[in-house]
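A.B. asks: Based on these hints, arrange chains V and F on the given structure of chain G.
Below, each chain spelled out in residue letters.
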Amino acid sequence: MNNEILEGLRKAIKEYDNEKAENLAKRAVEEKLDPLRVLDAMTVAIREVGDAFGRGDLWLPDLVGAADAMQAAMPIIEEEIKRTGAKRESLGTVVAGTVFGDIHSIGKTMVCTLLTAEGFKVHDLGVNIKAEEFLQAIRNYNADILAMSALMTMTAPEQKKVIEQLKKEGLRDKIKIMVGGGAITEEFAKEIGADGYDPTAPGAVKLARKLIGR
Amino acid sequence: MLKGFTRNFKPLEILSEEEIEAIHRGTLSVLRKTGVRFESKKALKLFEKNGCQVDYTDNRVRFPEGLVEECLQKCPSSFRVKARNPKNDMIWGGDTVYFQALSGTGSVDLDTWEPKTPTRKEYYDAITCLDALPNVHIIPWYTPWFGFKNIPPVMAMPEGLAARLRNSSKFTCSNYSMGCEVFNIQMAKAVGAEIRSSMAASPPLTFYEDAVENAFRTVEAGFILLITSGSVYGGTSPATIVGSLISGNAEIIAGIVLAQLIKPGTRIIVQDFSFPQNMRSGSPAFGAIEISLHQVAFNQIWRRYRVPIDGGVSYPGSKKIDYQAGYEKAITALIGALSGTNTIWIQGAMYGELAFHPVLAIIDDDMVGMIGRFLRGILVNDETMALDLIDEVGPIPGYYLNKEHTRKWWKLEQFIPKVADRLTYPEWLKEGKKDCLSLAKEKYQEILSTHKVDPPLTRSQEEEIERILKEAREYYRKKGMITDVEWKAYMKDLESPNYPYA
Amino acid sequence: MAKGFMRRFPPLKILTDEQVEAIHRGTLDVLQETGVLVYNEKALSVFKKAGCDVDFETKRVKFPPGLVEECLRKCPSSFRVKARNPKDDLLIGQDNVLFFNFPGTDTVDLDTWEPRPPTKKEHIDLIRVLDALPNVHFLNAYPYFGFSGGIPEVMKEIEGVALRIRNSTKVTIAIANNDIDMFTIRMARAAGSEIFANPNTSSPLTCYTDQVNACFLAAEYDLPSMIWDGATSGGTAPASLAGAVVLSNAELMPYIVLLQLLKPGARVAVANLVLPQNMTNGAPAFGEIGVSLHNVAFNQVWREYGVPTVSSSCGPTSSKRIDFQLGYQKMMPTLLSALSGSSILQLYSSIYGEITAHPIQAILDDDIAGMIGRFLEGLEVSDESLAIDLINEVGPIPGHYLGKKHTRKWWKKEQFVPKAADRLTYPEWVKTGKKSCIDYAKERMEEILSTHKVDPPLTRSQEEEIERILKEAREYYRKKGMITDVEWESYKKIIGG
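Those protein sequences? They're chains G, V and F, same order as listed.
Mapping to the working numbering: the first sequence position 175 is 175, numbers consecutive.
Mapping to the working numbering: the second sequence position 333 is 1333, numbers consecutive.
Mapping to the working numbering: the third sequence position 132 is 2132, numbers consecutive.
Extracted from the complex, chain G is given alone in its bound form:
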């Protein structure tokens, strides 16, 4: 019975079925499954999708479809983790978002999905995120990594603003910062004082591991 739910959840993610994923997550809670096991099952599924994407067997719409399905189940499981007080193991906690003035979400979503697949705990703040919102999330979640995206040349300097703000509030040394997006280059990343940059989503995952030494 339990395995059936976990297997179903894994399948729902791999078949990009939001509704089914959400329903099965609810059932998992009803059946009092260990929420950490449920989370593991979903992570395995998303990792399989991520690997297939890396091999070239799957494409972007598949990756995002799987992420959406996982996203549909996630709040239910997180609520359960909180309620039961279970301790969640992860590689690290990531706060991610596209900077203020920029509404491009694709690259950021890819990175978040692959980071989740890798075993990071990812808080995706979405698009058009102001500096203060990033800071608040970093404090709230006690994040290890901040990942920022900017697609447009006009909005790239916004990343610098966030870093300045972190310095001002004495948070800069407590967190690793990675940046990406169409408008960002290696030089720019160095110039604004980020810890790392990578042009590709799979590369960003390797970078995240490197930054936290795991």
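Warning: the hint list may mix true and false statements.
Okay, derived cross-link-like pairs now, PhoX-like style, lysine-lysine, Cα gap no bigger than 25 Å in a straight line [stated by the list, open to error]: (1) G:Lys190 <-> V:Lys1149; (2) V:Lys1033 <-> F:Lys2003; (3) F:Lys2405 <-> G:Lys11; (4) F:Lys2003 <-> F:Lys2413.
A few chain G positions that, by computed beta-carbon distances, are all more than 10 Å from chain F [as the list claims (entries may be wrong)]: (5) Lys11; (6) Glu31; (7) Lys32; (8) Leu60; (9) Pro75; (10) Gly85; (11) Ala86; (12) Arg88; (13) Ile106; (14) His123; (15) Lys160; (16) Arg172; (17) Ile184; (18) Ile192.
The set of hints was computed from the structure by calculation and includes no laboratory data.
C-beta: ideal position from N, C-alpha, C; glycine also.
C.D. replies: What follows is chains V and F alone, placed relative to chain G:
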């Protein structure tokens, strides 16, 4: 007036009447049921006053069909646009085809093929080159590049327009960013030119306030408004090309309604700057064939609406001036021209929206000449069929090279490219194995050393431009949109002894 | 059967119906009033018997319009050609669009861009690459003219046909020069394949005997024919394009008439290699726009006749390198021919003129063919593709389509993904070593050469039969004095004789 090219045969079509009708009805249904979001109080009020259903909680506007049809009819189907020099005026619409340069954020190094920021001199020289090329009819905004070294981003657009007005008398354009359209409009008026400015949708189905504000300003100034949508299908519009067309057309038509409500009869040209999504990287798939399918269908629909069409945006996916860039640019521009795009973007653009080079503009100009020659078609009459001549020459050993008919007609029939390699192998070896790229580099130097803008700005026009630029600089400095570091570098650039020329 | 591309919309036209009619009448007038020189006694008799005005002394034949029109009506508007492996059978005509290669005498050095004769291995490699590419539907003659090491001129293409039959199951073409098709047609038959007979016209208005003989062979062996016209407008044809169309059509007709007289209903396609003349150096002006204007008008007229057309002038360009110019000079004529109704496009592997070809180029051209093929398929308009409900569901920003089921299903149907094109972003491109399409094509070539196998290979008895015919041809031309003693000595070294 600039004649451009005229298509002497029926445009290429890929949709049936019924299919066009289905797309049209779908568009109306999206406008009526789903609606379009306008982040502008001013626009929302105007729509409400004219019978649209406006929801102020999510800024959604829903359009009644009657109003849509009425506003489409108010768009002139063809119109004249005025350049600084009347010899460069154009008539857009119908079967006319004009070509415009296509910009990139920065320049590119022709050895490493990596992008780089141009200098003021390079910026001015590139405009001179575009002014000299016979098949560049329009020099749009941001052309050649988004800016140059030492100018703050916020001043890129006004400085760019000033540079184009100084170095070219061809029709040019401007756009909006941080309210700079106010200065741009003043500059155009100061030199007696019209400009085209734009109102760009943010797909899906959204217009932000800056775009709307620019539409008000452009229409009120009596200039031409380009209404554009630019989605990635599978990202910000449906993955199907016809679905993407509907979503894009709903945005464009919403823009048309606004423009015609502001001032009926406003000259409008429409564009859908959409790309498929590269499903590996998520970026737009530049140079893809679906762009051409999209353009043909778009042209078919908008020909029915009788609104002039802009498009055929020829960005290659390749990073180099190479085989791939050649075929990608060729197919996009050619399909646009065959299917009824009135103003086609092509000369100079390299990868994506990121690079431009004047040397490539020279090579592209040959391709445009070929397309233009094709559009003229074939003349069939007694003289061209040449039956008497064929009878006179007869079989082998007869030949045509020495005939009067050949001397007259070959020049009328053949288009001769300027920088294409047309040599035989022995000639080519003897000449040092030059390719089109090295021939274009030579041509570029020749243009820079001989071409003069006709006419140059008068002294009082130049003073007026400089006054407006000064006003803009101070305005943005005061607003804190130019930092101290930027300001210092900028002022140093202005002190150059050759200013404004590099 | 080899799957071509289907054009799903009406063809591009640049002539009015009246202009098409005027060109047709002009063609008939030239055939009746001016006539054509036919250097072939057998054919003269056939024409005489069919009611033509034949002057046996001057060899001039004048054709009554009724006969020409009657023979045109006998041509099938579409037909099948059988390959050794049924998967490579061809369906020619209607709105089906096929591709094949354009030859080069030589290969080209990709660093110096200078031409040189290929080795035997290089010759075979090009055939194998063409065999492997799915959108190369059949193989032209050559693809190179022989290989280095001393094959006598007259044997080069006979040896070439043997190489193609051994290394590819795709249909090929038997050129008629020096009557070598007497041997190559039998070689194809030995392998169980049809082969195109290939009579070529000579401009202006002349038919040489070996080319006419190809028609007799086509009738004898019941083969499809591809008739080639390669006039130069301003040199061997009028400089005005309408005149060049009239002349090239008048040159093709005698072969059409002869083929239909010999065997009513004979399968025939007409190939157009008419080029403008470069008025600076007298060479044909490869890759120029006049090529396309001629192709499109030609296609329009021959669609009225219901005879499938071949656009041969898409392949050669005037660039010596694989560069930007080559890209647009190949894309534009191929696209215009495909849009205007060509059944067959001759695109693959050629670089400069008829001089150079390269397998890398064939792989690059495969992306052009794929793009054009995708365009020809057009757009599907249905409730599902219109996606009105989806648009309503997603709504304005922050709505998004990427994660939708509709996107997962449709993007693959809508998008053509090229195999050798650079589709990376700048940062990805820098990181992966700034590869261009040529680099990707090289990788694909390595992959093909290390994995591709001809399917099926020749049986032992087929191989023996081909070897026997080769031997016969060698002896025939040796006896005819077309292989000199010196040539024979070096040739023997290659063939191990």
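A.B. asks: Run every hint past the structure and note whether it holds.
C.D. replies: Evaluated hints:
For the suggested pair lysine 190 of chain G and lysine 1149 of chain V, the alpha carbons sit about 20 Å apart, so the restraint of at most 25 Å is met. For the proposed pair lysine 1033 of chain V and lysine 2003 of chain F, the alpha carbon gap of about 43 Å is over 25 Å, so the pair is violated. Between the alpha carbons of lysine 2405 of chain F and lysine 11 of chain G the distance comes to roughly 15 Å, so the proposed pair stays at or under 25 Å and holds. Straight-line distance between C-alpha atoms of lysine 2003 of chain F and lysine 2413 of chain F comes to about 17 Å, which keeps the hinted pair within the 25 Å bound.
The Cβ of lysine 11 of chain G lies farther than 10 Å from every Cβ of chain F, with a closest approach of about 15 Å, so its non-interface assignment holds. Listed as outside the interface, glutamate 31 of chain G is consistent with that label: its C-beta sits roughly 28 Å from the nearest C-beta of chain F, beyond the 10 Å cut-off. With a closest Cβ-Cβ approach of about 30 Å to chain F, lysine 32 of chain G is found to remain outside the 10 Å limit, as its non-interface label requires. A beta-carbon of chain F comes within 10 Å of the beta-carbon of leucine 60 of chain G; the shortest separation is about 7 Å.
The Cβ of proline 75 of chain G lies farther than 10 Å from every Cβ of chain F, with a closest approach of about 17 Å, so its non-interface assignment holds. Every beta carbon of chain F lies more than 10 Å from that of glycine 85 of chain G, the smallest distance being close to 32 Å; the non-interface claim holds. A cut-off of 10 Å between C-beta atoms confirms that alanine 86 of chain G is not in contact with chain F; the least separation is 29 Å. With a least beta-carbon separation of about 25 Å from chain F, arginine 88 of chain G lies farther than 10 Å from that chain, consistent with its non-interface assignment.
With a minimum CB-CB distance of about 6 Å to chain F, isoleucine 106 of chain G fails to clear the 10 Å threshold, and the non-interface call is violated. With a closest Cβ-Cβ approach of about 18 Å to chain F, histidine 123 of chain G is found to remain outside the 10 Å limit, as its non-interface label requires. Non-interface status of lysine 160 of chain G relative to chain F is upheld: no Cβ of that chain comes within 10 Å, the nearest being about 19 Å off. For arginine 172 of chain G, the shortest C-beta to C-beta distance to chain F comes to about 25 Å, beyond the 10 Å cut-off, and the non-interface label holds.
At roughly 8 Å from the closest C-beta of chain F, the C-beta of isoleucine 184 of chain G falls inside 10 Å, breaking its exclusion from the interface. Separation of isoleucine 192 of chain G from chain F is adequate, the least Cβ-Cβ distance of about 16 Å exceeding the 10 Å criterion.
In terms of the numbered hints stated before, the structure departs from hints 2, 8, 13 and 17, listed from lowest to highest.
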